[in-house]
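**Q** Spelled out from the first residue to the last, the chains are:
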Amino acid sequence: MYSVNYHRANSVADAVKLLKTGDAKLLSGGMTLIPAMKTRLAAPSDLVDVSRIAALKGVKVSGKTVTIGAATTHYEVSTDAKLQKACPALAELASMIGDPAVRHRGTIGGSIANNDPAADYPAAMVALGATIVTNKREIAADKFFKGLFETVLKEGEIVTAVTFTAPAKAAYQKFRNPASRYAIVGVFVAKGKANGKDDVRVAVTGAGDDGVFRAKTIEVALAKSFDPAAVAGAKVSADGLMTDIHASADYRANLIGVMAKRAVAAANG
Amino acid sequence: MSDISLTVNGRQVRATVEDRTLLVHFLREHQGLTGTHVGCDTSQCGACVVHVDGKAMKSCSMLAAQVSGSTIVTIEGIANGADLHPVQAAFKEHHGLQCGFCTPGMIMSATDMIARHPEGLDEATVRVELEGNICRCTGYHNIVKAILAASQAMSKASKPKAKKAA
Amino acid sequence: MGMEGIGARVTRKEDKRFITGAGRYVDDMVVPGMKHAVFVRSPHAHAQIKKIDVKQAQAMPGVVAVLTGKELKADGIGNLICGWMIHSKDGSPMKMGAWSPLAFDRVRYVGDAVAIVIADTKGEARDAAEAVEVTYKELKAVVDAVKALEKGAPQLHPEADNNLIFDWEIGDAKATDAAIKAAHHVTRMKIVNNRLVPNAMEPRAALGHYDRGEDHYTCWTTSQNPHVARLVMSAFYNVAPENKLRVIAPDVGGGFGSKIFIYPEEVVCLWASKKAGVPVKWVADRTESFLTDAHGRDHHSTVEMAFDKNNRITGLKVDTVANLGAYMSLFSSSVPTYLYATLLSGQYNIPAIHANVRTVYTNTAPVDAYRGAGRPEATYLLERTMETAARELGVSPAELRRSNFITQFPHQTPVIMCYDAGDYGASLDAAMKAADYAGFAKRRDKARKAGKLRGIGMSCYIEACGIAPSAAVGSLGAGVGLWESAEVRVNAVGTIEVLTGSHSHGQGHETTFAQLVAGRFGVPIDSVSIVHGDTDKVQMGMGTYGSRSGAVGMSAIVKALDKVEAKAKKIAAHLLEADEGDIVIENGALKVAGTDKNVPWFQMALAAYTAHNLPSGMEAGLKETSFYDPTNFTFPAGCYICELEVDPETGLTEIIQFVAADDFGNIINPMIVEGQVHGGIAQGVGQAMLEGAFYDASGQLLTASYMDYTMPRADDLPSFKVSTSNTPCPGNPLGIKGCGEAGAIGSPPAVINALTDALGIADFTMPASPSRVWAAAQKH
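Protein chains in written order, with this note's numbering: chain A, 1 to 269; chain B, 1 to 166; chain C, 1 to 780.
Read the hints as simulated data drawn from the structure, not as lab findings.
In this text, all values refer to a predicted model and were calculated from it rather than measured experimentally.
A hint or two may mislead.
Quick list of in silico lysine-lysine cross-link-like pairs, BS3-like style, CA-CA up to 25 Å [to be verified]:
{"hint": "1", "chain 1": "C", "residue 1": "Lys433", "chain 2": "A", "residue 2": "Lys235"}
{"hint": "2", "chain 1": "A", "residue 1": "Lys25", "chain 2": "C", "residue 2": "Lys779"}
{"hint": "3", "chain 1": "C", "residue 1": "Lys623", "chain 2": "C", "residue 2": "Lys559"}
{"hint": "4", "chain 1": "B", "residue 1": "Lys145", "chain 2": "C", "residue 2": "Lys433"}
Below, a sample of chain A positions facing chain C; criterion: calculated Cβ distance under 7 Å [to be verified]:
{"hint": "5", "residue": "Phe149"}
{"hint": "6", "residue": "Ile245"}
{"hint": "7", "residue": "Val258"}
A virtual CB, placed ideally from N, CA and C, is assigned to each residue, including glycine.
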């Protein structure tokens, strides 16, 4: 790791101020950033640690509305009793991220701000139609994620929370890269309401050349019939999917269908 | 440089460290606690697992400065004097180690795992929960056995009326 | 015998330090004034070095020295060597290309070291390493051994035309060709044995310390054989004469072969320690290990197996191309020759065998011994071929094997080896029973109803261990003898130290070797200490690899114990005024047989050192040594069965059960033997299902971290069903065969035989990762 200056922020305002130092970066759980700095792929001059800001921590459920503070760890999300009731699919997703030691440290805000194309949370945010709350504005998840490791976050902008309406049904299915255990394909399926009508959203992580995306053909099929069998007829194109030593685009296209089918079955219980 | 203050294995420690100092290097090089190991660069092997404020974490992926104010327990700190921790004892009893390099991280992960599963563990759960700890020697067979045995021994020991396991 | 002697499941003495964090590995060592080293490595697979500019790096904060290959050469440090001479079939010696510990004119693989940077901290050394400016002229690279032999391929070494190191053969070509010509049926296959990275969990490390006052060097290193390291660094690399060089291999975190070899880093750290005037420590990071640890396997073969009309094998013809990487590592030449082709008879009576092996340079990491070393390649080739033959002939795989088993011993194969003992049918029966082989069809049908494809496969392996008779290996080209040494020191109070040339890096020698002594003299196991891994303490040794520490290392201890016992009995007889021949040793005392007259062990020992009352002419003290040279290889064998299930939708393959039935000869500690088998199976299953080192065409290693190289994790594996049925080895005093490599040798073909059975396909190239299995299932 190159030399770096560490700052611990006591509040969001404090963090905003500290972020103006040099080429500063926010540090939350650090489960991606610190390894990247160790290999010298990331080289911020300063780190602003927001992981201990109390206002950024915790899960709140009020009626159907779920709000999760950005510095809430994967472990806290996976074990939160209120969330397990309101949206068990998201709690379960959190329990599949990394390994126990990583889950104790990594945070939801860090994960979505980093937008790793193989991370799990982006799929959930998009499928749940979540809103990403920052210190400056509220951003729809559909608009938040931009390509690989890119988001619409501006300089000095800090994710403070995510919020969404709990769907009637949802589930996440993940097919792991055998080596890294990140998603080769992760599919989050949610059946909720939009404008008073049923709204099915299917978001895919791990597979797209441009990061998380919605599988529209599957959404259309599931809107007609929210049944695993409906997925079979929905063709998933390999265009725009990644190919690497662990999975070809064709294989990923197949897995999207299989994972979507299994997610629907799980969502239907 | 950062001035840090933390508790390591029950002892209050103060130090001035380079900000880029990883917790694992602080423990190994500043504190001489060389039981915590580094086996990879990508936070996957788990040889570096310690407990931070009661939870298993990978000390190779944290800065020492991040844990200022925290309480750290390492492999050197889990035995009760000369009495081995039940997980340590189970690893020996069931031959859950060979070269010993991954062992400290395995034991620290196992104690955390057992604590998070007061209802008890089964083989499938132990295997899934060991995802973040890589061993090249044992094929995991005896590690799994040791953790299951320790989990049972500890749940017996924690029941107030049950007799202490021999 | 007793509770702590031979055959007892004694828990390990060494565990105490490992489970409490008190193990001492090289990276734990601190020497006053010690500095940290980082190597500057080639980012290119093949390039000329035009210029190395170290000025800027030398001026960086904390930097002590930046040293390059030119300075190393100027100081007379020698090139790295391969210590086993192989001659091509035309009689010409193998073509050993120059391998400088620091490259100065040309780099030949990504990771080739070109400079060492020494600084106060590792961070500063790395900062400065980035500032070393190396100007390269890139050359075309070749990574595939078969392509490297083609006309027009990039050439690596001027010594080796067409990158060919040697073209070697074994067996009778004429007789084999005739057998194939006359055959009733011939099974033909192309077999690839995938390249692996050993991945001991402790990365390699070296700490070199030159003591100016004594003009003496000490090297702490992650070695399986510190004495060989000292010998080679003295005799060939000109680091220092042996009496001026101490090599210590303290606790070592796994080896699996990869820590046998002397690598550039320990040589450079020692040399740099004198040059820079500071102790120099280098510890590899994981990616550095992936790039520069010697890899394993990487064979491309064709095979023809001939059968008569009774399904008896009549001949076997093999042609193999083995990739040795960019340079010849220390024992690289022996692996695809004498450790491979000599095992091609397997457990079978094969009257004619011929194998041709070509070894090749490529722009990849050097390839050398990795757990099993040659024997897994032979077993995979043979057992995949047997399985395919059974399917082609329409007979049961078990019965085809059984009807071809060797049943009379000793058995001379057509490829050098003379098998001394075994009962292959017993292992096959035991494995089939443990796996409920007979009930498989029902389980398969049930799985099919659940949408899963289930398959079963077996593998009957043999290996040659206990390497090896010195004169025999010498005649085959080995540069060293493969005996082992032991020294047994009985202290004045009766406690015992055993100094051994074997090295334990997970095998549990501190326990099993002590069991041997405790059982022999009836003394508590805690009164026996095992000393190893330090050339200043143990005079000489050949180290631990090739499952040799039991069969050879412990045999040496037995021989030394024989001498101790003889002298102890003489002393006791003198003290008890009895006849030497009447003395027996029982429960820690030397007794006159049939009487209650005895002298406790510790009193006898004290008498040896007080020397007040010894038999006339006897020297004081009680310390004996032995150099044991085996008379033959040993031949562990067994049968492994794998049952697995494929999810055809995703290609995800789950091992349902894995059964191992081994014949290891006599066993000292069953607990430790089982542990060795478990670990071996995990590595074999890893090779079959998970692991593979892949380079792209330009020579970049695509699998250079745990993000891309699939290490077996706990949830990839089941618990294993292991058992042994043992025929004692007649060749050594303990009847031991060795158990360290069997798991890695026997398991890959069992897995792939099961997978091809499940998918109903003829062949599959390892590893069986989900995407590859899915692709194979699509084609079917």
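**Q** With reference to the structure, classify each hint as holding or not holding.
**A** Evaluation of the provided hints:
1. C:Lys433 with A:Lys235: Status violated; Cα separation ~47 Å.
2. A:Lys25 with C:Lys779: violated, 48 Å
3. C:Lys623 with C:Lys559: holds, 12 Å
4. B:Lys145 with C:Lys433: holds, 24 Å
5. Phe149: violated, 15 Å
6. Ile245: holds, 5 Å
7. Val258: At about 5 Å, which falls below the 7 Å cut-off, the nearest Cβ of chain C leaves the hint on Val258 (chain A) intact, so it holds.
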